[in-house]
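A.B. asks: Protein chains in written order, with my numbering: chain A, 1 to 166; chain B, 167 to 332; chain C, 333 to 736; chain D, 737 to 1140.
Among the hints, erroneous ones may be present.
Claimed, not checked - The calculated label-pair distances, taken between Cβ atoms and stated as ranges, are:
#: 1; chain 1: D; residue 1: K824; chain 2: C; residue 2: R692; range: 51 to 59 Å
#: 2; chain 1: B; residue 1: D212; chain 2: D; residue 2: T1105; range: 44 to 52 Å
#: 3; chain 1: B; residue 1: D254; chain 2: C; residue 2: E356; range: 40 to 48 Å
#: 4; chain 1: C; residue 1: V522; chain 2: D; residue 2: S1112; range: 51 to 59 Å
#: 5; chain 1: B; residue 1: I187; chain 2: D; residue 2: D1109; range: 20 to 28 Å
#: 6; chain 1: B; residue 1: D254; chain 2: C; residue 2: P464; range: 53 to 61 Å
#: 7; chain 1: A; residue 1: I21; chain 2: C; residue 2: T622; range: 42 to 50 Å
#: 8; chain 1: A; residue 1: E9; chain 2: C; residue 2: T701; range: 19 to 27 Å
#: 9; chain 1: A; residue 1: G95; chain 2: C; residue 2: P720; range: 33 to 41 Å
#: 10; chain 1: A; residue 1: E9; chain 2: D; residue 2: G826; range: 30 to 38 Å
#: 11; chain 1: D; residue 1: D1109; chain 2: B; residue 2: D254; range: 46 to 54 Å
#: 12; chain 1: D; residue 1: T1013; chain 2: C; residue 2: D359; range: 32 to 40 Å
None of these hints come from the bench; they were simulated from the model.
Glycine included, C-beta positions come from ideal geometry on N, C-alpha and C.
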Amino acid sequence: MTYSEKVLEHFRNPRNVGEIIDADGVGTVGNPICGDLLTLYIKVRDGKISDIKFKTFGCGAAIATSSMITELAKNKTLDEALKITRNDVANALEGLPPIKMHCSNLAADGLKEAIKDYYSKRGVKLDEKKIIVLDDCPSCGFELKPFRDKSIKFCPRCGVKVTKEV
Amino acid sequence: MTYSEKVLEHFRNPRNVGEIIDADGVGTVGNPICGDLLTLYIKVRDGKISDIKFKTFGCGAAIATSSMITELAKNKTLDEALKITRNDVANALEGLPPIKMHCSNLAADGLKEAIKDYYSKRGVKLDEKKIIVLDDCPSCGFELKPFRDKSIKFCPRCGVKVTKEV
Amino acid sequence: MRRIFLDHASGCPMDARVIKHMEELYDKSFGNPSSLHTLGLDARKKLEDSREKVAKLIGAERKEEIIFTSGATESNNLALIGYALRNKNGRRKVVVSKIEHISIMNVAKYLSKLGFEVAYAPVDEYGRVKLPKLDEIVDSNTLIVSIAYANGEIGTTQDIRAISDIVHAKGAILHSDGVPAVGRIPVNVVRDQVDMLTLSSNDLYGPKGVGALYVKTGTRIQPIIFGGGQEKGLRSGTENVPAIAGFGMAAEIMYKEWREESEREKQIRDKLIDTLTSNIEQAYLNGHRTLRLPNNASLRFIGIEGESLVLNLDAYGIMASTGSACSSKTLEPSHVLMAIVPNEVEAHGSLMLTLGRDNRIEEVDQVSTVIKDVVSKLRAMSPLWGKPLDLEEWRQKMEHSEGE
Amino acid sequence: MRRIFLDHASGCPMDARVIKHMEELYDKSFGNPSSLHTLGLDARKKLEDSREKVAKLIGAERKEEIIFTSGATESNNLALIGYALRNKNGRRKVVVSKIEHISIMNVAKYLSKLGFEVAYAPVDEYGRVKLPKLDEIVDSNTLIVSIAYANGEIGTTQDIRAISDIVHAKGAILHSDGVPAVGRIPVNVVRDQVDMLTLSSNDLYGPKGVGALYVKTGTRIQPIIFGGGQEKGLRSGTENVPAIAGFGMAAEIMYKEWREESEREKQIRDKLIDTLTSNIEQAYLNGHRTLRLPNNASLRFIGIEGESLVLNLDAYGIMASTGSACSSKTLEPSHVLMAIVPNEVEAHGSLMLTLGRDNRIEEVDQVSTVIKDVVSKLRAMSPLWGKPLDLEEWRQKMEHSEGE
Ligand SMILES: Cc1ncc(COP(=O)(O)O)c(C=O)c1O
Ligand SMILES: Cc1ncc(COP(=O)(O)O)c(C=O)c1O
Ligand code: FES
Ligand code: FES
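The shape of chain A in the complex, shown without the other chains (with noise of 0.2 Å):
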């Protein structure tokens, strides 16, 4: 398991760390208990994130995702934002290793949520779709079943995708 050197600057040095009192958005995922936690805050201007911030409990590819996500997502309006996938994380720090893709989820993750939050206090419900782990990796078979409670989206032996939209 190697991090780009992209993976390693943001993980020393991360960017918007911290929290904002009075943000419009605040979203939380990952769980303490499974060594991850993001807090993920925003503020809205002009239907843009006018800042960002957050705060990580995590491994180093979380630290470096979270700082990665606020930086693509600052001044983007939030359909934008939106639309900031996994991979776009993954990639802004090119690439992950494998096992950590699922760090990436975490960041893209924290964004959709903190969103959510925005829009709910404002009545306005996001739908959502449905993903599901497959049991077995579609390309080297690798056993999932036993990963699902960790939310992966991606085979820790192999790297491809394993989830499928429902």
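Here the structure of chain A is known, so what remains is to put chains B, C and D with the ligands in place on it, guided by the hints.
C.D. replies: This is chains B, C and D with the ligands only, laid out in the frame that chain A set:
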């Protein structure tokens, strides 16, 4: 598996190689199919082995033990010669690797056969105790049945005695 | 930047004397011990010399009791699988402690798939096996028990003699993983009545890729690797003579030097533990304060996660390891830590510092300062630090998402 | 006395470049690829570089298809046991040729104990697998077939592509032991459609104690050694990085140099075979005259026994091996020779000369003269030489004594 200096010396310069055309007793033991065949020739004068020669097809230990038994038996009375055991042969050679202990059998048995032949030509029958090979090595538990046809007497794995007289 | 290596449990640098010895062998002693010629005999001799040296290190009575393997994982597999499959005496239970190495744990799982009953002996908050509990769990159906002399992650040592008495009283046999213990604390298979013991060469500053299993005379096991019948039929495959000779030499050096070196490392260990636990708030020692390996300082820091801690330390040239889930292939926190720390979050904040011959007591101040700074930095960005943490709530959320 | 080493099948001297490379690693790169710090990442990189080099040597498409093991014996065990136990698809038959290496033979025996049907594909008098027979034996119940690219004892090579076509037509998969072949003849897993291939580092002049198994993507196997989940979970145990890096370098060198070196060795081989068979009466070649490894000259001499031949040659500094029963741990003659020579007595008189980079064509005259002298000396003391031999009689005697 390491041969002692003495084994190597006898193996490289075997004593009493050859045939005795007008031998008084000839003993042939071993089986070329198993990789060993020894023919021992004796001349008897005044109840003593006055000359002894051998021909051997076999491993280094087979050749060295053949050579050694001719030295041990020469000038002995037949009674004395009959008492030479495989251990005497092995000891005189400063030991044999456990897996090769059966080769010293070959030599001791060959001598016995030659003396038996000498007696039977004179109408005398030597009675023998029957020696059986145990099912498993009493020390290390090695399964011995597959080796029975090699007429082994020592465990090929750990070298302890695995025969019983009945 | 001078590197400070504090991760000896994951791998040791080779002893320079051993490297030199092996270099000579590579060139001259590449024979196969099964060959009949001079080079083969020479290799055979080297092999047997090493066997003797390894036997001596652990107090084995006969060198034939040492089986060379490719490493400790293989030795652990051979011991447990080899014994369980060979001894069809009606007993079907395998007992291991809750803090055995992953190789023991996964072998136990495999045996349970094969139909054996596997029971896990609990440990107390220091990682010491609870002897009365062990005495209950080991029963007349128990075939084999595997409990390590000491645990490499949390440093805790066991009273192996007391354990072997319990095990033998029930007619079972005892295997012990000696990897972190041999060469650090007194290990003697005769005194402690251990039936099988796993050894690793690299942990003694010998080469990697070689280990051994001590198998007491009379203990019957079957091989897990089949072939040419090397190592008394228990481990087939051409013997890796240069590495085995290196292992032998490393064992010989250990035999002479370990006591003094252990005393030295113990002082570094104590200074590290004292400095870190007193200078950093909410920093706790894992394992027992005194019944521990002389080279192990295992700690946990509330509110932060181990992988990010280790990566930060690496940026300062300090190399260590963690038992956090995020650092492992399975994304599970170390089962060893989980057995002794109050909860998962504390397990995630663990830091394992394991000392070796190359460490100096003078390094402690620098190491402590860096750790303190990094811990502060990570806590500053942690949503868990400085706030009360309701773990029950999170646990329910997890179960909820599991049920989905 | 200058040693002439003609036993490369039993072990190769390490390439000096590889030794040098490994020396550097011992000191600097002792990290554990699972560690998160710099030393760990460095070790991981070395590991993956080697994987790529080994993959390239055998024409594998993806480096992930290479699993590092402790050697060829383990690779053979992993391939056959790992595949047979994993694929519970109703097929229960394992097919191996009659001349596979002992590690394949003994694994096949083990599988038959576990309830698998094992069938042995016959070979002709040269040791070539009889393809029509193979086509009969491999059937819709066959799970896996294991046939080596070439045989190290008698030198004969196989038409692996023709074999894989037969095997795949029946829906089985093909494992091939590539140990003596890789680096001597063209081996390409894609061209030849091999599903698994066993490799040994030392046979490529790399270190001992390391090997590999090529596992084609999509081929599912289970591990035989359980633990930390290294090597995609297929081979647990801390990776022996210095040795693996040495293996990688040896593979890289082989890739560049093997063609030229094989041509050179072929000339020595041919001169050896021609001189010995023409100068010594009743001396015969084992295996095929042209479809053979470039470095293998395997012969048999009527009337003498191989161990005494090899020991005598050793006294003259010539190192070789034999397949005689008397040289083996089981006191059985080599099953490979038994499959192709007329009878046991001829098998006992075998001599295997295997060439390597250190041999020179100038040595052939000296070697031939010594062999001729030693054969004469042993024949002079053999009760079998110069007399007609009634093997039937001896066979009956043997059966008689077996019946006792
Ligand atoms: C206690 C213990 N046992 C066994 C092993 C397995 O050793 P290896 O990975 O070298 O096979 C280790 C390795 O770190 C260990 O720490
Ligand atoms: C053809 C073949 N396969 C497998 C092996 C096993 O290799 P190792 O003994 O190094 O495990 C050998 C060893 O000589 C061999 O010649
Ligand atoms: S937060 Fe656990 S792996 Fe990234
Ligand atoms: S004659 Fe076969 S081992 Fe001695």
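A.B. asks: With reference to the structure, classify each hint as holding or not holding.
C.D. replies: Hint by hint, here is what the structure shows:
1. K824(D) / R692(C): 51 to 59 Å: At 56 Å between Cβs, range holds.
2. D212(B) / T1105(D): 44 to 52 Å: 47 Å, holds
3. D254(B) / E356(C): 40 to 48 Å: 41 Å, holds
4. V522(C) / S1112(D): 51 to 59 Å: With a Cβ separation near 55 Å, V522(C) and S1112(D) satisfy 51 to 59 Å, so the hint holds.
5. I187(B) / D1109(D): 20 to 28 Å: 27 Å Cβ-Cβ, so the 20 to 28 Å window holds.
6. D254(B) / P464(C): 53 to 61 Å: The hint (53 to 61 Å, Cβ to Cβ) holds, given that D254(B) and P464(C) are roughly 59 Å apart.
7. I21(A) / T622(C): 42 to 50 Å: Given range 42 to 50 Å: holds, Cβ gap about 48 Å.
8. E9(A) / T701(C): 19 to 27 Å: 24 Å, holds
9. G95(A) / P720(C): 33 to 41 Å: Check passed, 38 Å falls within 33 to 41 Å.
10. E9(A) / G826(D): 30 to 38 Å: Between E9(A) and G826(D), where Cβ atoms are some 54 Å apart, the hint is violated.
11. D1109(D) / D254(B): 46 to 54 Å: 33 Å, violated
12. T1013(D) / D359(C): 32 to 40 Å: About 34 Å separates the Cβ atoms of T1013(D) and D359(C), which means 32 to 40 Å holds.
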